[in-house]
Amino acid sequence: MNQKKNEKVRVLAVAPTNRGFGYVVLEGQGEILAFGCKKARGDKKNQQVLVQVGKLADQWLPDVLALQDVHTKESRRAPRIKKLHRQLRQFAQSRTVKVVQFSARQLREIIVNDPKGTRHEMAADIARQFPNELAETLPPKRRACDEEDERMSIFDASALVIGFLKGGK
Amino acid sequence: MYSLPNYLQTNRRRASFSQEEVAFLLGMTGIDKDRANKVSRDERFARVPTLEMALAYELIYGKPARDLFAGMYEEIARGVAARAKILRYRKAAASDLQKSQAIAGLAQRCATFTN
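Residue numbers (our numbering), protein chains in the order written: chain C, 1 to 169; chain P, 1 to 115.
Honestly, the hints are just simulated from the structure, not real lab data.
Any given hint could turn out to be false.
[Claimed, not checked] Using C-beta positions, here's what the derived DEER-type ranges look like:
hint : chain 1 : residue 1 : chain 2 : residue 2 : range
1    : C       : Ala144    : P       : Leu51     : 56 to 66 angstroms
2    : C       : Gln87     : P       : Thr112    : 13 to 23 angstroms
3    : P       : Arg66     : C       : Val9      : 20 to 30 angstroms
4    : P       : Leu25     : C       : Arg143    : 40 to 50 angstroms
[Claimed, not checked] Here are the simulated DSS-like cross-link-like pairs (lysine-lysine), alpha carbons at most 30 angstroms apart as the crow flies:
hint : chain 1 : residue 1 : chain 2 : residue 2
5    : C       : Lys55     : P       : Lys33
6    : C       : Lys141    : C       : Lys45
7    : C       : Lys55     : P       : Lys63
Note that the structure is a prediction, hence the values are computed from the model and not measured.
Ideal Cβ positions, reconstructed from N, Cα and C, are used throughout, including at glycine.
Generate the whole structure from the sequences, applying the supplied hints.
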């Protein structure tokens, strides 16, 4: 803990979903400080998410905000989510927090070495990397008839911090 | 990057304790919710725990207080380093070798936390 400044970086990764967002706070070379998912309901979901991310930023004082790159050609995220990512970037700039972005393809390549890997494979790999923190959070493999488990957003956020650690963008 | 003022929440979650349980271990009195609120305030940096509490946290989480309160420790170290510099300058002409060495050693220990 007691190291010179700049030796370690605190990263806040945010992975918005249709019902809120998942987040992970990582410090240094792989110490997860906090993780979880927050819900946003009603009309002004983006505003609610921005308020909650603001609270997280106040608490954890991140140096870097990690987001998914939703503006790539292959991204199929909803317009609201794309707008939210723009708002999150602006929010980070207003706090002089560096923003790093990774596309879904980049993350699959970094984590499972396969651009066609599934999200569950990625989540299982991440749970193996952080057994104490995340292993119990791993949801069961989704069947086609199930809706997505909200805990997957935590693994999406974890993928972003791993992307930052390994990709170093 | 500076460390956070404290890492109490991270360590509590790792130890799988609830705030009520930690409050109980700390020997806080009052109803459960109020006690948990006090722990919550410590974790959100809204309150500086007393020395007694800091030592109790050290025991509960099994980590030295300087690691649990890393940011606070760094801030204190920076202050001490700055004052040690002044003291060394003031005592530069003094012939007390032992004291000079103590101040130099102190400055060296605190150098990690200064720019």
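Going through the hints against the structure:
1. Remark: the range hint 56 to 66 angstroms for Ala144 (chain C) to Leu51 (chain P) is upheld by a beta-carbon distance near 58 angstroms.
2. The given range of 13 to 23 angstroms is broken by Gln87 (chain C) and Thr112 (chain P), whose C-beta atoms sit roughly 39 angstroms from each other.
3. Remark: the range hint 20 to 30 angstroms for Arg66 (chain P) to Val9 (chain C) is upheld by a beta-carbon distance near 21 angstroms.
4. Checked against the hint of 40 to 50 angstroms, the pair Leu25 (chain P) and Arg143 (chain C) passes, with Cβ atoms roughly 43 angstroms apart.
5. Taking the CA atoms of Lys55 (chain C) and Lys33 (chain P), the gap is near 22 angstroms; set against the 30 angstroms cutoff, the hint holds.
6. Distance hint between Lys141 (chain C) and Lys45 (chain C) is fulfilled; the C-alpha atoms sit about 27 angstroms from each other, no more than 30 angstroms.
7. This hinted pair checks out: Lys55 (chain C) and Lys63 (chain P) have alpha carbons roughly 27 angstroms apart, not beyond 30 angstroms.
Violated hint for the displayed structure: number 2, the only one.
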